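Protein chains in written order, with our numbering: chain P, 1365 to 1518; chain Z, 31 to 133.
Keep in mind that the hints were calculated from the coordinates and are not lab data. Computed from a prediction, not measured in an experiment: that's the story for all the values here. Don't take each hint at face value.
Said to hold, decoys possible - Straight line, CA to CA, 25 Å or less: simulated DSS-like cross-link-like pairs of lysine-lysine:
no., chain 1, residue 1, chain 2, residue 2
1, P, Lys1461, Z, Lys62
2, Z, Lys62, P, Lys1451
3, P, Lys1402, Z, Lys119
4, Z, Lys84, P, Lys1451
5, P, Lys1451, Z, Lys122
6, P, Lys1407, Z, Lys122
Claimed, not checked - What follows is a list of derived Cβ distance ranges for each label pair:
no., chain 1, residue 1, chain 2, residue 2, range
7, Z, Ile69, P, Glu1436, 21 to 31 Å
8, Z, Ile69, P, Asp1405, 13 to 23 Å
9, Z, Ile69, P, Val1440, 11 to 21 Å
10, P, Gln1401, Z, Pro34, 27 to 37 Å
11, P, Glu1422, Z, Asp128, 18 to 28 Å
12, Z, Gly66, P, Gly1475, 45 to 55 Å
13, P, Gly1500, Z, Asp128, 12 to 22 Å
14, P, Asp1450, Z, Gly66, 46 to 56 Å
15, P, Glu1474, Z, Asp128, 46 to 56 Å
16, Z, Gly107, P, Gly1500, 18 to 28 Å
17, P, Lys1407, Z, Arg36, 31 to 41 Å
18, P, Ser1448, Z, Ile69, 35 to 45 Å
19, P, Gln1488, Z, Gly44, 40 to 50 Å
Said to hold, decoys possible - Here are a few chain P residues that face chain Z, going by a calculated C-beta distance under 7 Å:
no., residue
20, Ala1406
21, Ile1409
22, Lys1420
23, Ser1424
24, Ala1468
25, Asn1469
26, Phe1470
27, Asp1479
28, Gln1488
29, Tyr1502
30, Met1504
A virtual CB, placed ideally from N, CA and C, is assigned to each residue, including glycine.
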Amino acid sequence: MNHQRRDALKTGGGLGIFGMLVAAGLVKPGSALARDQKVFDAKTIDEAFAAMGAGKPEASDGVTIVAPDIAENGAVVPVGVTSSLDKIESISILVEKNPNMVAANFLLPEGTMADVQTRIKMGQTSDVYAVVKADGKYFMAKKEIKVTLGGCGG
Amino acid sequence: MAGPMRIRAATADGVTEVRVLMSHPMETGQRKDGSGNPIPAHYITELTAKHNDKVVMTTEMGPSVSTNPYLSFKFKGGASGDTVEVSWKDNKGESRTDKVQIR
């Protein structure tokens, strides 16, 4: 049995995956490497909006938060955002009373629909914001979710 | 260390819905262990999903996302048998890539 050949194949395979990742990074450096820690470090809603470059997002009926009114378990709160606006570039989910306010930021390339769902942690009852960037402008919706059992530490 | 992702991708009426369940502790850095020492933050920071070679979703995450993060999204197009590939990386530099064929 030629063990060296096997090793060579394995190494080659590993490099191939790495190469693909690098290539992916090169193809779209803007999306893969742009995560802005400032946004995630924001301590107030206004700070978070400012860090996102959103200024004061306009409340819009075109943005809908799909989430329960009461979450029994704050460690796993299902939150979805849908929007009927045109030319949507990104969707962000923020939890006002969490130490880490910005939960997630979804960047939607053309062809991806404004319909995302995830699960977030909530330390306590709080307003949840969905901020949608559409056609260069920011719109938002807000919904209070009551938490009966906190999700941080507990 | 991190287990494989569970990915489901199904297409209907020209729209493909992708659901991803990652296996990750998503430690916030706020919690303390039994003896009062802080548990270091360990969470996924970025996720990228590709349909064949086209990026269909990039998600930037903070530690407020639940343990074993779940994500679902929809994109136009996609045919049965196409590949959907999802990769994430976390704040400790770990990463994982899994792929699945659209049903």
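Against the structure, the hints come out as follows:
no., hint, result
1, P:Lys1461 / Z:Lys62, "holds (20 Å)"
2, Z:Lys62 / P:Lys1451, "violated (43 Å)"
3, P:Lys1402 / Z:Lys119, "holds (18 Å)"
4, Z:Lys84 / P:Lys1451, "holds (18 Å)"
5, P:Lys1451 / Z:Lys122, "violated (34 Å)"
6, P:Lys1407 / Z:Lys122, "holds (23 Å)"
7, Z:Ile69 / P:Glu1436: 21 to 31 Å, "holds (24 Å)"
8, Z:Ile69 / P:Asp1405: 13 to 23 Å, "holds (19 Å)"
9, Z:Ile69 / P:Val1440: 11 to 21 Å, "holds (19 Å)"
10, P:Gln1401 / Z:Pro34: 27 to 37 Å, "holds (28 Å)"
11, P:Glu1422 / Z:Asp128: 18 to 28 Å, "violated (39 Å)"
12, Z:Gly66 / P:Gly1475: 45 to 55 Å, "holds (50 Å)"
13, P:Gly1500 / Z:Asp128: 12 to 22 Å, "violated (34 Å)"
14, P:Asp1450 / Z:Gly66: 46 to 56 Å, "holds (52 Å)"
15, P:Glu1474 / Z:Asp128: 46 to 56 Å, "violated (25 Å)"
16, Z:Gly107 / P:Gly1500: 18 to 28 Å, "holds (25 Å)"
17, P:Lys1407 / Z:Arg36: 31 to 41 Å, "holds (34 Å)"
18, P:Ser1448 / Z:Ile69: 35 to 45 Å, "holds (41 Å)"
19, P:Gln1488 / Z:Gly44: 40 to 50 Å, "holds (42 Å)"
20, Ala1406, "violated (10 Å)"
21, Ile1409, "violated (14 Å)"
22, Lys1420, "violated (22 Å)"
23, Ser1424, "violated (20 Å)"
24, Ala1468, "holds (5 Å)"
25, Asn1469, "holds (4 Å)"
26, Phe1470, "holds (5 Å)"
27, Asp1479, "holds (5 Å)"
28, Gln1488, "violated (12 Å)"
29, Tyr1502, "violated (16 Å)"
30, Met1504, "violated (17 Å)"
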